[in-house]
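Take these sequences, add in the hints, and give me the full structure.
Chains as they are written, first to last, in our numbering: chain A, 15 to 167; chain B, 15 to 167; chain C, 15 to 167.
Note that these hints are calculated values from the structure, not bench results.
Quick list of in silico lysine-lysine cross-link-like pairs, DSS-like style, CA-CA up to 25 Å:
no., chain 1, residue 1, chain 2, residue 2
1, B, Lys39, A, Lys102
2, A, Lys46, B, Lys102
3, A, Lys100, B, Lys39
4, A, Lys46, C, Lys46
5, C, Lys69, B, Lys69
6, C, Lys46, A, Lys100
7, C, Lys102, A, Lys46
This is what each chain is made of:
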Amino acid sequence: MSAEQNLIDLEIILPPAPPLGGIYKPCLVDGKYLYVSGHGPYQNDGTLIKGKLGKDLDAEEGKLAARQTGLAILSSIKTHFGSLDKVKRLIKLLGMVNAVPEFEKHPFVINGCSELFAQVWGNDDGVGVRSAVGFGSLPNNIAVEIEVLLEIY
Amino acid sequence: MSAEQNLIDLEIILPPAPPLGGIYKPCLVDGKYLYVSGHGPYQNDGTLIKGKLGKDLDAEEGKLAARQTGLAILSSIKTHFGSLDKVKRLIKLLGMVNAVPEFEKHPFVINGCSELFAQVWGNDDGVGVRSAVGFGSLPNNIAVEIEVLLEIY
Amino acid sequence: MSAEQNLIDLEIILPPAPPLGGIYKPCLVDGKYLYVSGHGPYQNDGTLIKGKLGKDLDAEEGKLAARQTGLAILSSIKTHFGSLDKVKRLIKLLGMVNAVPEFEKHPFVINGCSELFAQVWGNDDGVGVRSAVGFGSLPNNIAVEIEVLLEIY
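Right under this line is the structure:
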C-alpha cells in the first residue's frame, strides 16, 4: 500500500502548502521523526475556513475543516519530502478546535483529519495517539488547527 | 520500589480503561517511549467528572478530577502492558483544565495527577516536565484532560 | 557562533530562573533531548506580566511578554546546564496566548519569543516547528506561556 497511490485512488487533490505565518519551520526532521507545525484549514483557493464551533460552524462543518487541515498538512509534508510515502506512521496528533465554552464534540470534529490520515496511511499506521480539545481563540479565527509528529523511513 | 506494589500499598483501585472516544490509539509505543492519548476523569462506574473550574467545580474538586484522570491513564497503561512496572519514568505531561476565563489555579489542579504519579513511580521518576493550562472547552465538558509521554523499560 | 557570546553582544540580561509553581521539573534531559516545562513571562524583579490579549494587553505588549517568557526559558536552561551553548537547536515550541475569544494575532505575539531564540541560536538552529494558539485562561492570569523541546550536544 502506498500513500501516494491512495491519494490517487481517493481522487484527493491537495491544496498548495500554506504560506508561513510567523517565525517557524512548517516541517522539521530529527532522525526518524518528522515534526509538523500547527496547520489551519487552508483551501485550494488560498482561503482559510474560519469561525467558532458551536456558533459559526456546526460539528459537521468543523469536521470538514479538520479534514481540510489534514489536507494542508499532507501538502506541507509532500512539499518537504516530494512524496507522502516517506512517512512510516503517525505517532501523535494534537487537534485544536476553536470553540465556544459550551462545545463538547471535539473528538467528532478532529475525526475529520484522523479519518483522512487513516485513508492515506492505513488504519494502523495512519492512527496515533491524540488529544482533541477546545481553544478559546485561534490565529485568524480559523476553525481548527492541528499539529502532528510522524515517524519516517 | 515497584509501581505495582505502590498501588497495593496505597490501596488504589484503578477504574476500567476508558472506552475509545474517536479515531486514535490510547497508547502508542515507539522504541523506549510510550505516548498516551488525552484522557479524562473516567470513574470506576464509567461516568466522567464534568464541569468548568471556577464555575461548576472549585480548585479542590478539580484536583480530585485531575487525580481521577491520572488513575484512568494508569489503567490504560496497565491494560496495554499488563503492568505499570514497564514504565521507567515520566518525561512530559500536558494538563488541560476546563476553566472559565478568570481561573488562575491550573497548577494546583493538575498537581492532583502529578502527586499520584509521584506516589506510583517515585518523586524523581514520577515527575517530568509539565504545562498546566486553561482550555475554553473540553470533550463532553470533562473537567480535566491529561496527555503524557513516558520512558519505558 | 556561540549563544553565550550572542547574549553578550545583544546586551541581554536574563531574569532569575522562575521558582517552581507545582510538581514538575523545569528541565528534563532524555539523551540528546532537553524538554522544558511551560514558562511564563517572569521578569527580573520576580513579577509576572499578566493579563489577557485583546483586553488587558495589545499585540505589541503581548509580543514583549512572549520575549520575556523566552528570556525566562533561557534562564532555566542556563541554570540547568551552566551554559546556553549546550543547546544544539530548537525542535518544537508551543506558544500559549491568554486571550479573549476574538483575538487573532497569536503568531505575531509568539514571534516575540521566536525572534529571541533566532537571535540567540541562529536563524536556522533557533527556529523549529511551532503552534501559537489561544487559551481561555493561564495560571496566575499570565499573558503568555511557552514550552519547548530542544536538541542538545
